[in-house]
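> Residue strings, one per chain:
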Amino acid sequence: AQSVAQPEDQVNVAEGNPLTVKCTYSVSGNPYLFWYVQYPNRGLQFLLKYITGDNLVKGSYGFEAEFNKSQTSFHLKKPSALVSDSALYFCAVRDDTGGFKTIFGAGTRLFVKA
Amino acid sequence: AAGVIQSPRHLIKEKRETATLKCYPIPRHDTVYWYQQGPGQDPQFLISFYEKMQSDKGSIPDRFSAQQFSDYHSELNMSSLELGDSALYFCASSVRQGRGTEAFFGQGTRLTVV
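First to last, the protein sequences are chains A and B. Read in order, the letters of the first sequence correspond to residues 586 to 699 in this note's numbering. Read in order, the letters of the second sequence correspond to residues 118 to 231 in this note's numbering.
Any given hint could turn out to be false.
Claimed, not checked - Derived pair list, reagent style BS3-like, types lysine-lysine, alpha-carbon separation capped at 30 Å:
| # | chain 1 | residue 1 | chain 2 | residue 2 |
| --- | --- | --- | --- | --- |
| 1 | A | 686 | B | 174 |
| 2 | A | 607 | B | 174 |
| 3 | B | 139 | A | 634 |
| 4 | B | 174 | A | 634 |
| 5 | A | 686 | B | 169 |
| 6 | A | 686 | B | 139 |
| 7 | A | 698 | A | 643 |
| 8 | A | 607 | A | 662 |
| 9 | A | 686 | B | 130 |
| 10 | A | 634 | B | 169 |
Quick caveat, the hints were computed from the structure, so don't treat them as lab data. All values reported here derive from a predicted model rather than from experimental measurement.
Taking the hints into account, I'd like the entire structure generated from these sequences.
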């Protein structure tokens with residue numbers, strides 16, 4: 586069965602500093618990994634995905650994520666955080682044996698302080 | 118660009134009433150997913166449809182049913198509503214071209230059961 590873990594409920598970072606939001610996953614087959622962001626009272630917005638190929642994936646708004654197969658991780662990163670990045674971030678996984686549903690992690694709230 | 122449309126945006130119902138939520142996917146998207154997000158929780162997968170057929174089933178209560186119509190829009194029918202059904206209900210759509218396609222989410226319907 587698929588599962589996703591986001592070990593941090595909240596991440597605090599100062600504006601201009603690099604940020605990392607952690608995600609680990611467990612799947613039966615090959616993983617398809619996604620990051621979504623959610624602003625208050627809004628739907629989830631797709632940021633980036635890993636399907637295959639380069640382990641470093643670049644996405645929207647300057648975000649990137651690094652896929653690490655040996656550590657089963659897919660951490661979200663940004664070199665320089667903005668106050669407007671403050672939101673709820675969800676890691677999600679789908680595998681190639683478990684149908685097409687996407688399973689989400691519990692979410693990590695990112696606070697960027699000016 | 119066209120997005121996923123959900124209606125209504127807000128709905129207030131009394132216990133034991135019924136509710137119908139509607140979802141209009143992005144044009145040419147053939148797959149629809151329904152998620153339930155309780156306060157402070159991650160989105161929980163309910164059910165999905167591909168080409169008008171149920172493709173995956175998650176934690177959808179027996180009191181709920183859903184279908185996808187010939188124009189690809191979907192409806193989530195909820196009966197015998199309970200207080201615990203109060204949540205944000207998201208619909209998402211994608212093009213089913215393998216498990217690497219990301220889902221695009223609507224703004225959600227906030228259901229309050231009183």
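> Please go over all the hints and tell whether each is borne out by the structure.
Outcome of the hint check:
1. 686(A) - 174(B): holds, 8 Å
2. 607(A) - 174(B): The hint holds at about 28 Å.
3. 139(B) - 634(A): Distance ~28 Å between residue 139(B) and residue 634(A) Cα, so the pair holds.
4. 174(B) - 634(A): Within the cut-off at roughly 23 Å; holds.
5. 686(A) - 169(B): Roughly 16 Å separates the two Cα atoms, so the pair holds.
6. 686(A) - 139(B): holds, 19 Å
7. 698(A) - 643(A): Measuring from Cα to Cα gives roughly 24 Å; hence the hint holds.
8. 607(A) - 662(A): holds, 9 Å
9. 686(A) - 130(B): holds, 29 Å
10. 634(A) - 169(B): This hinted pair holds, its Cα atoms lying about 26 Å apart.
Checked against the numbered hints above, the structure violates none of them.
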